[in-house]
Amino acid sequence: LYNKNILNTEIILPKIKEQTAVGKLIEKFDYLITLQQRKLEQLKQLKKAMLQYLLTTEKKSDPLIRNKNYNNKWDTTTFSKLLNYERPENYIVTNTNYRKNGIPVLTANKSFILGYTNEPNVYNKGEAIIFDDFTLENKFVNFPFMIKSSAIKILTSKVNYSLYFIFQLLQHTKFIKEGHARHYISVVQKQIVKIPPSYEEQESISDTFSRIQSLIKLQQNKIDQYTTLKKYLLQKMFI
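Numbering (this note's numbering) for the sequence shown: 819 to 1057.
Please keep in mind that the hints were generated in silico from the structure rather than gathered at the bench.
Be aware that one or more of the hints could be misleading.
[What the hints assert, rightly or not] Pair ranges (Cβ atoms, derived):
| # | residue 1 | residue 2 | range |
| --- | --- | --- | --- |
| 1 | M868 | G944 | 20 to 28 Å |
| 2 | T974 | A839 | 55 to 63 Å |
| 3 | T1046 | G944 | 32 to 40 Å |
| 4 | N942 | T1046 | 31 to 39 Å |
| 5 | R905 | Y1017 | 21 to 29 Å |
| 6 | T1026 | E859 | 15 to 23 Å |
| 7 | K866 | T974 | 20 to 28 Å |
| 8 | I844 | K1035 | 22 to 30 Å |
| 9 | V977 | L1047 | 47 to 55 Å |
| 10 | T1045 | G997 | 35 to 43 Å |
| 11 | D1025 | T991 | 19 to 27 Å |
| 12 | A839 | A999 | 57 to 65 Å |
C-beta: ideal position from N, C-alpha, C; glycine also.
Can you make the complete structure from the sequences, with help from the hints?
Right under this line is the structure:
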């Protein structure tokens, strides 16, 4: 529309009193959403701090905070001794015209769930980490799935190691990327890390991170609900 058209367009406005009431309602939603976003950021910062305090790097002997029931020194090892990996070819979807329900088709990046499929070659072996060999992005998965990309490696834990704990180690470890190349075998497997010798201590730490992650997810859902409700009200109020 040209400026003249805009200026000549008729619009329907409520009375001043109603305009004020509508404005205040929208302001309240904006305030609630901002408040919940701050809480979400605080939870993310808490998780980041806990990663620093509960895990250790190869340069440190022990973490800064530790359960008093455990006192054995952490073992020095590499990811190659903690994880098995499987190539993804058997679980790649052949049709990317996704459905609205069925088996999730996953990616390791922020999108995570690309859509759903009813194809039969499902990964259904229990917990796994999907790892993008190029970007090093990774996700913990505890449900049946299929994947889209051959760049994904499927990681599972070796005996007596907690997969969720290893997932947190992957999140905490700073890898040196080698450009647009595959990294798992050349970089990740060789990375030196420290891990509690006790499976029970690994699980105890994992449980702490799992609880924080559940709070983060709950908080994000709350923000999404407020945002959706605000959008719905705006659509109903401004026709």
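Quick rundown of the hints versus the structure:
The hinted window of 20 to 28 Å between M868 and G944 holds, with their beta carbons roughly 26 Å apart. The hinted range of 55 to 63 Å is satisfied by T974 and A839, whose Cβ atoms lie roughly 57 Å apart. The hinted window of 32 to 40 Å between T1046 and G944 holds, with their beta carbons roughly 34 Å apart. Take N942 and T1046: their Cβ atoms lie about 33 Å apart, and the range 31 to 39 Å holds.
For the pair R905 and Y1017, the supplied restraint of 21 to 29 Å holds, since their beta-carbon distance comes to about 27 Å. For T1026 and E859, the Cβ-Cβ distance of about 19 Å falls inside the hinted range of 15 to 23 Å, so the restraint holds. Between K866 and T974, the C-beta spacing of about 26 Å keeps the proposed range 20 to 28 Å intact. Hint check: I844 to K1035, Cβ distance near 27 Å, so the stated range 22 to 30 Å holds.
Restraint check, V977 to L1047: a C-beta distance of roughly 48 Å satisfies the suggested window 47 to 55 Å. At roughly 38 Å, the beta-carbon separation of T1045 and G997 lies within the given 35 to 43 Å, and the hint holds. Between D1025 and T991 the beta carbons are some 21 Å apart, a value that agrees with the proposed interval 19 to 27 Å. Against the hinted window of 57 to 65 Å, the Cβ-Cβ separation of A839 and A999 comes to about 59 Å, which satisfies the hint.
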